[in-house]
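Chemist: Using the numbering used here, the first residue of the sequence shown is number 1, and each one after it goes up by one.
Bear in mind the hints are in silico, worked out from the structure with no lab data behind them. Misleading hints may appear alongside valid ones.
What the hints assert, rightly or not - Ranges between beta-carbon positions, derived for each pair:
id, residue 1, residue 2, range
1, G39, R163, 23 to 31 angstroms
2, P71, G39, 34 to 42 angstroms
3, S81, P198, 26 to 34 angstroms
4, R163, Y88, 19 to 27 angstroms
Using N, Cα and C, we set each Cβ at its ideal position, and we do this for glycine too.
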Amino acid sequence: MCLFALQTGLLIGNSIEYTIISRARRTNLQPRRDAPAFGKILAMVVSAAGPLTWLGSIFVFTWGPISWRGPVTYSMMIAPSGTILRYYLAKLNLRQLSTNNGFPTGTFLANVIATALLALFSALQYTSAARINSEYCAGLQGLRDGFCGCLSTISTFFLEVYRAGPCYKTFRYALTSWISGQFLCLMIFGIYVWIYDPQERCAFPT
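Produce the complete structure using the sequences and hints provided.
Modeler: Encoded structure:
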C-alpha cells in the first residue's frame, strides 16, 4: 500500500509538471520584469514564516492544553532540528562518493540514523520510567514524530530509485537501505523486547 501511494504520488506530480510546462510553452510566457522583486519578497515571507511558526509552537506548548504535547507540540518544537540535519546530510549526495557509485550517501545516512533513533525511542517508551512519567513519554513521542519524522525521507529515497532506473547500483542502494533499517530495528528494539518482554507502552495525556 505504501509503495502504491508513492507510485501514485509520483505519477500525479509528473503529470502536473508536464501540464504546466506544456501550457507555458504554448502560450510562450515571458518572465515579468518585476519577477526578481516578487521572488525576493516571497523568499523573505517564507523565511520569516518558519521561525514564527516554531515560536508559535513554543507558545502553544507553554500555554496550550497539556493533552496537545504528546501528539502535537513536542513534535512541532523538535521537528526543525531533524529538518536541518537532513539538509546538511543531503549535501553529501553531491560528492563524488555518491555520484560516482550511484549511492546517495546523504539520504542513506538520514534514513539509517532516523531508523536507529526511532527504534531507540520506541524501546524507551516501554521502560518503567516512561510509564511513570507521562511528560517523559510525551517527549519521546515528540522525538519520534518530530525529529525522526523530519530526518527520514521515504519520498526522496523512492524518487532516487525511480530516476536511476533498473540497474545493479539501484538494486544495491535500495537493498542496502532496506536491510540496514530492518537490522537496526531488530538489534535495538527487537533485542530489548526479547530481553525485558515489556507488556505495555507508556501513555501521555490525551
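Chemist: All the hints need checking, so say for each whether the structure fits it.
Modeler: Here is what the structure says about each hint:
The hinted window of 23 to 31 angstroms between G39 and R163 holds, with their beta carbons roughly 27 angstroms apart. Evaluation of the 34 to 42 angstroms hint for P71 and G39 yields a pass: the beta carbon distance comes to about 37 angstroms. Our hint of 26 to 34 angstroms for S81 and P198 holds, since their Cβ atoms are close to 28 angstroms apart. Here the CB-CB span from R163 to Y88 is close to 22 angstroms, well matched to the stated 19 to 27 angstroms.
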